[in-house]
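Protein chains in written order, with numbering that gives the first Met the number 0: chain Z, 0 to 327; chain G, 0 to 327; chain X, 0 to 327; chain Y, 0 to 327.
The set of hints was computed from the structure by calculation and includes no laboratory data.
There may be inaccurate statements among the hints.
Given that identical chains are not distinguished, each listed pair holds provided it fits within a single copy or across any two copies.
[Claimed, not checked] Computed cross-link-like contacts, SDA-like style, restricted to lysine to any residue with a CA-CA straight-line distance of at most 25 Å: (1) Lys232 with Glu281; (2) Lys87 with Val252; (3) Lys94 with Asn244; (4) Lys2 with Glu36; (5) Lys213 with Ser312; (6) Lys86 with Tyr240; (7) Lys238 with Gly227; (8) Lys311 with Phe52; (9) Lys298 with Ala95; (10) Lys213 with Asp297; (11) Lys238 with Val77; (12) Lys86 with Asn61; (13) Lys53 with Ser215; (14) Lys311 with Val299; (15) Lys287 with Arg320; (16) Lys211 with Phe121; (17) Lys2 with Asp120; (18) Lys2 with Arg204; (19) Lys311 with Tyr32; (20) Lys5 with Asp199; (21) Lys311 with Asp297; (22) Lys213 with Glu49; (23) Lys311 with Glu90; (24) Lys211 with Asp199; (25) Lys287 with Asp207; (26) Lys86 with Glu242; (27) Lys211 with Ile38; (28) Lys213 with Ser76; (29) Lys86 with Lys213; (30) Lys238 with Val254.
Note that the structure is predicted; figures quoted are calculated from it, not measured.
Number of protein chains: 4
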Amino acid sequence: MPKTIKKVGVLTSGGDSPGMNAAIRSVVRTCAYHNIECIGIYRGYQGMIEGDFKEMGPRSVNNIVNKGGTILKSARSVEFRTPEGRKKAHENLVKAGVDALVVIGGDGSFTGGLIFNSEFDFPVMGIPGTIDNDIYGTSFTLGYDTALNTVVDCIDKIRDTASSHNRLFFVEVMGRDAGHIALNAGIGAGAEEILIPEEDLGLDRLLDSLQKSKASGKSSSIVVIAEGDKIGKNVFELKDYVEANLPEYDVRVSVLGHMQRGGSPSCFDRVLASRLGVKAVESLLEGKSNYMVGLREDKVILTPLEQAIKGKSEIDRELLRVSDIMST
Amino acid sequence: MPKTIKKVGVLTSGGDSPGMNAAIRSVVRTCAYHNIECIGIYRGYQGMIEGDFKEMGPRSVNNIVNKGGTILKSARSVEFRTPEGRKKAHENLVKAGVDALVVIGGDGSFTGGLIFNSEFDFPVMGIPGTIDNDIYGTSFTLGYDTALNTVVDCIDKIRDTASSHNRLFFVEVMGRDAGHIALNAGIGAGAEEILIPEEDLGLDRLLDSLQKSKASGKSSSIVVIAEGDKIGKNVFELKDYVEANLPEYDVRVSVLGHMQRGGSPSCFDRVLASRLGVKAVESLLEGKSNYMVGLREDKVILTPLEQAIKGKSEIDRELLRVSDIMST
Amino acid sequence: MPKTIKKVGVLTSGGDSPGMNAAIRSVVRTCAYHNIECIGIYRGYQGMIEGDFKEMGPRSVNNIVNKGGTILKSARSVEFRTPEGRKKAHENLVKAGVDALVVIGGDGSFTGGLIFNSEFDFPVMGIPGTIDNDIYGTSFTLGYDTALNTVVDCIDKIRDTASSHNRLFFVEVMGRDAGHIALNAGIGAGAEEILIPEEDLGLDRLLDSLQKSKASGKSSSIVVIAEGDKIGKNVFELKDYVEANLPEYDVRVSVLGHMQRGGSPSCFDRVLASRLGVKAVESLLEGKSNYMVGLREDKVILTPLEQAIKGKSEIDRELLRVSDIMST
Amino acid sequence: MPKTIKKVGVLTSGGDSPGMNAAIRSVVRTCAYHNIECIGIYRGYQGMIEGDFKEMGPRSVNNIVNKGGTILKSARSVEFRTPEGRKKAHENLVKAGVDALVVIGGDGSFTGGLIFNSEFDFPVMGIPGTIDNDIYGTSFTLGYDTALNTVVDCIDKIRDTASSHNRLFFVEVMGRDAGHIALNAGIGAGAEEILIPEEDLGLDRLLDSLQKSKASGKSSSIVVIAEGDKIGKNVFELKDYVEANLPEYDVRVSVLGHMQRGGSPSCFDRVLASRLGVKAVESLLEGKSNYMVGLREDKVILTPLEQAIKGKSEIDRELLRVSDIMST
């Protein structure tokens, strides 16, 4: 029989993403709703080791649903990778009366949570927070939808200048080893071609596509490139390669960078964060542990953390076809 | 055996919504991809009656993926409700060599398409375009996600002034007879209370909730009210009622209005539009008719137009609970 | 010889506006830069009466430069209009060791400051914070530029739907008795006609202009109406009047409302706030009192508070002509 | 006596900037207002040489006031630098009946216009269109205000992630040889330090400032760096240098790039464009030539093109002090 949970700890870990604050708020208020206590743990697992805690009530999270970043801050913790570090962290939680943990982060953060659980039999629940959408068990990670909007807004601006000058732009976007951002934002931004890690089109195909585009009467083009693409050249080398092979093109490069991680979350991300926070806390109260909450097929579901870590979040191959048709 | 389709007509009808242009673009380019012709029909069914057509190739839809409104314009057509009107429309289509129709709009537009099909055995495919998300057979209509972002952006701004002055705001949002926008944007914007047509909380519950909110230490509050709510008072009467019963509150009203229908579509709506346009055209090419394309459980699916019209797009009742917990 | 100032109090009063937080930050950091103390006074003059103060150092104002509203909150104070109220306020300031006051607000707030100064010989400096731009002595008040951008963004969205449906929209904007917002945002948004308090065009001219617009081939139009316009009809009556006289028009009304007061300040407002805060504090340190800081002819200048209150911020009549030409 | 002008040509040249379309619209409509004709010249001087012209009436410029980029497109023209090229251009203008020219662009474009005038005694009027604000004779160039807002929006997003991770960010912004964007956007975004070409702080000062910032309790910082700064290291070398000297800092770099040139213009830029377009055309009609229109000290004025080209648009040194105080 699971012991009754009286106090939940919540932390954010790994790269921050828009919607993390909305998720923290949801965890805190769901605890209050069920009359249990909640503490915020600062700077992820490192703050757990240092006992950097703060009691949080429903008013502690006023006016953060719309804020980017994370009020609990995030950090990588080398020390948490050691048994000693985790022991210290556990002692701090016990001392503070914390019975269960909600970890908002990506697969690295979940791995930490899983090890922690296995060592101390401590209830852990994960909420997927990353812009990269590279987590198995959810169709949408927190911050992904916001990042897509940030990227299309940027490319819309770049398109203004591209079409005024009849230029070709290479735009590099985030996504780690996954092409979700590139593929979706590329379609959304009307990209001519999209390079993603999951699909190596090869350089010839790129040149071919650009030539056809010119021939079809397009005067300017945007190519969206995932940071993790496997084409074997970075975006600047790619520019040189294309200019060498297609001298009619004047290529400009834009690396969108860290702004993709920030900004006020979209409505979708705020609602998602609210739903996942409720589910995470209520699952803990039901005695569940070692799950990640997620949204799949329009429903909030649980996936074992282990699967969430090992599984691969596949891109939707239908979108490759859509992208291809859209660049007709 | 269905006759081969060589030319598709596309029109937008009813209230416009962000993403309609992206859907037009997708229809046009999917036709080009399959080497069939496409014509744009201006001002919905009225333009069909007047023969207001334009040939559209892939370059006709350059740089519209990010534009709000509809380049084909929209209009209500009284004449199309008469057999004579529809006859004229059919003659124009035949004269122009159009074999099949893609109708982008809401249930009224689909009803028109269904009647037209029944009279002339003319292939029709629907794409759900409305900000209200009130169509059965799809979890998301085109423009809905964008409207949610528009609404939360507005309420974020209103919250600045609400919390600077410790005030209560009543914000009326669109949605016709459905509470989707109110419920989701209300959660996204951190509303204290949300009034929707699907759930009549009653005036007592509202007063009660506002009193509890004050008691809990909240200094300002937002109440989001769907235009179709059933509480029996309009938003201005509601203000008077609350001020009469809770004199400690200074209530302000904001009716967001038509700006909710405009704006550059979100990435989600652009990708959705692209996917639905491909599916609509390819379904016609496969000989299908009288379906609406939609997105459900993460997949593009077909729903018979008749069901799409008669069915009801239910709100997700889990969200009512999430909203309740979030306003703790 | 003025006595040396060691501690400055800062408050925001009247309607809030974007940039107030940036101004608070500037006042606080300018004090720190000159090694004098600073306290924040909550809820304007009311907080002064209640002694609702907080010590503020440079780190108290981290990450607020981009936030709408005012962290010091604002309130109207009836009590401050009485000699007793002001006496209490003065005692609180003296008790807290405050030597001088920076008042961020509009002319009502400045009048309060001027009376306070005359009664207690207390140094007062004003910073014009209002979206209405209706203060003499500065070409730009804090929040005005942001409000203009908010208004044109909204009208851009409305235009999407207006031009999709060939409709006429009446959009009411803020500005109290001044037409600055209406005139500038109207030009920025490409309005067909602009109704402002400073210039009564009369109803005939409006009808005439709308008829000409239709004749010239415009299919949709936006009319921007200042809330303080003198045409003698409110915006809904105006709609009825126009529809009665020009039946070819289908008029929709949008009242933008309080969202105009919120939102993250524009760069212009943030820089302006930073400059005015520095000048306000440094002017106090130089022994000056009873001035408002402002920006005129590209320079930060001082205007006696009395003039700022009594003077009228005229609209630039060149803009009326520009508006007229632009709607050709 | 100047000959009567009956037809004005308008072109955009050099780098595009938000507001150029609003300026084109203003030129076109001011011509219509005065009953003279107007033609648009595509792709700047190159289109003049190729006779790439289009008649433009008031309806040709509907719905472009809010669009970034330039509908007339822009291009660099090598041929226009030759007497033969200019001769061909002149012949085309004469053949098309064009009497006068409005050039929207930067100093390079104005130089072209001045030479053209000197060779053919052809009336030329300049409108300053560049985001860099580096033109003498106007306090604001078209697009500058919009670019400032784009930059602060980006840095606001970056700050979310910087403050979540306690990181230092180096953000490179545009501006060619001028520090206007960096200085103003840096103040607006609350940058810790701003590096501009006009003021070489030196590397020691930068290290010193960052150390003080850490000591003062700031947990994250943004340094804004103008692309033309003279510190002798590019932004990536600067990162290495700082990390080598201040190992406690984990520096990230973001180069904002071309998105700074795009986007829907701010209200300020739209109004400015409208005013400058009116003045440009009306000055030509008054027989003036070889001037640039601009806004200085809140007034629309004329500056001889020669001065506009040779003069230097100085930064406001008061802002350096404000920046210094703000980073206290």
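Checked hints:
Taking CA atoms no more than 25 Å apart as the test, Lys232 paired with Glu281 passes in neither setting, with 47 Å inside one copy and 36 Å between copies. In the homo-oligomer, the alpha carbons of Lys87 and Val252 never lie at most 25 Å apart, since the shortest distance is 47 Å inside one protomer and 35 Å across protomers. Within a single copy, Lys94 and Asn244 get their C-alpha atoms no closer than 65 Å, and across copies no closer than 40 Å, so neither meets the 25 Å cut-off. Taking CA atoms no more than 25 Å apart as the test, Lys2 paired with Glu36 passes inside one copy only; the shortest distance there is 15 Å, against 52 Å between copies.
Within a single copy, Lys213 and Ser312 get their C-alpha atoms no closer than 35 Å, and across copies no closer than 40 Å, so neither meets the 25 Å cut-off. Taking the closest pair of Cα atoms, Lys86 and Tyr240 never come within 25 Å of each other, the shortest separation being 53 Å inside a single copy and 38 Å across copies. For the homomeric pair Lys238 and Gly227, the shortest alpha-carbon distances inside one copy (16 Å) and between copies (23 Å) are both at most 25 Å. In this assembly of identical chains, Lys311 and Phe52 lie within 25 Å of each other by CA distance neither inside one copy nor across copies; the values are 34 Å within and 47 Å between.
Taking the shortest Cα distances, Lys298 and Ala95 never come within 25 Å of each other, neither inside one copy (34 Å) nor across copies (46 Å). When the C-alpha separation of Lys213 and Asp297 is checked against a cutoff of 25 Å, the pair qualifies neither within a copy, at 41 Å, nor between copies, at 35 Å. Within a single copy, Lys238 and Val77 get their C-alpha atoms only as close as 38 Å, which misses the 25 Å cut-off; across copies the closest is 24 Å, which meets it. Taking the shortest Cα distances, Lys86 and Asn61 never come within 25 Å of each other, neither inside one copy (33 Å) nor across copies (35 Å).
In the homo-oligomer, the alpha carbons of Lys53 and Ser215 lie at most 25 Å apart only across protomers (20 Å), although the nearest pairing inside one protomer, at 61 Å, exceeds that limit. With identical chains, the CA atoms of Lys311 and Val299 are at most 25 Å apart both within one copy (19 Å) and between copies (22 Å). For the homomeric pair Lys287 and Arg320, the shortest alpha-carbon distance between copies (20 Å) is at most 25 Å, but the shortest distance inside one copy (40 Å) is not. Proximity of Lys211 to Phe121 under the C-alpha cut-off of 25 Å is found in neither arrangement, the shortest distances being 58 Å within a copy and 35 Å between copies.
Taking the shortest alpha-carbon separations for Lys2 and Asp120, only the intra-copy value of 11 Å comes in at or below 25 Å, while the best inter-copy value is 66 Å. In this homomeric assembly, Lys2 and Arg204 never come within 25 Å of each other (Cα to Cα): the closest approach is 59 Å inside a single copy and 35 Å across copies. Taking the shortest alpha-carbon separations for Lys311 and Tyr32, neither the intra-copy value of 35 Å nor the inter-copy value of 32 Å comes in at or below 25 Å. Proximity of Lys5 and Asp199 under a CA criterion of 25 Å is satisfied in neither setting, with 51 Å inside one chain copy and 34 Å between copies.
For the identical chains of this complex, Lys311 and Asp297 are neighbours both inside a copy (19 Å) and across copies (17 Å), given an alpha-carbon limit of 25 Å. Taking the shortest Cα distances, Lys213 and Glu49 sit within 25 Å of each other only across copies (21 Å), while inside one copy they are farther apart (59 Å). Taking identical chains as interchangeable, the C-alpha atoms of Lys311 and Glu90 are never at most 25 Å apart, the minima being 34 Å within one chain and 53 Å between chains. In this homomeric assembly, Lys211 and Asp199 come within 25 Å of each other (Cα to Cα) only inside a single copy, at 19 Å, whereas the closest approach across copies is 48 Å.
Taking the shortest alpha-carbon separations for Lys287 and Asp207, neither the intra-copy value of 53 Å nor the inter-copy value of 34 Å comes in at or below 25 Å. In this homomeric assembly, Lys86 and Glu242 never come within 25 Å of each other (Cα to Cα): the closest approach is 56 Å inside a single copy and 33 Å across copies. In this assembly of identical chains, Lys211 and Ile38 lie within 25 Å of each other by CA distance solely across copies; the values are 24 Å between and 58 Å within a copy. When the C-alpha separation of Lys213 and Ser76 is checked against a cutoff of 25 Å, the pair qualifies only between copies, where the shortest distance is 21 Å, while the shortest distance within a copy is 50 Å.
For a Cα distance limit of 25 Å, the shortest separation of Lys86 from Lys213 qualifies neither inside one copy, at 62 Å, nor across copies, at 31 Å. Taking the closest pair of Cα atoms, Lys238 and Val254 come within 25 Å of each other both inside a single copy (12 Å) and across two copies (17 Å).
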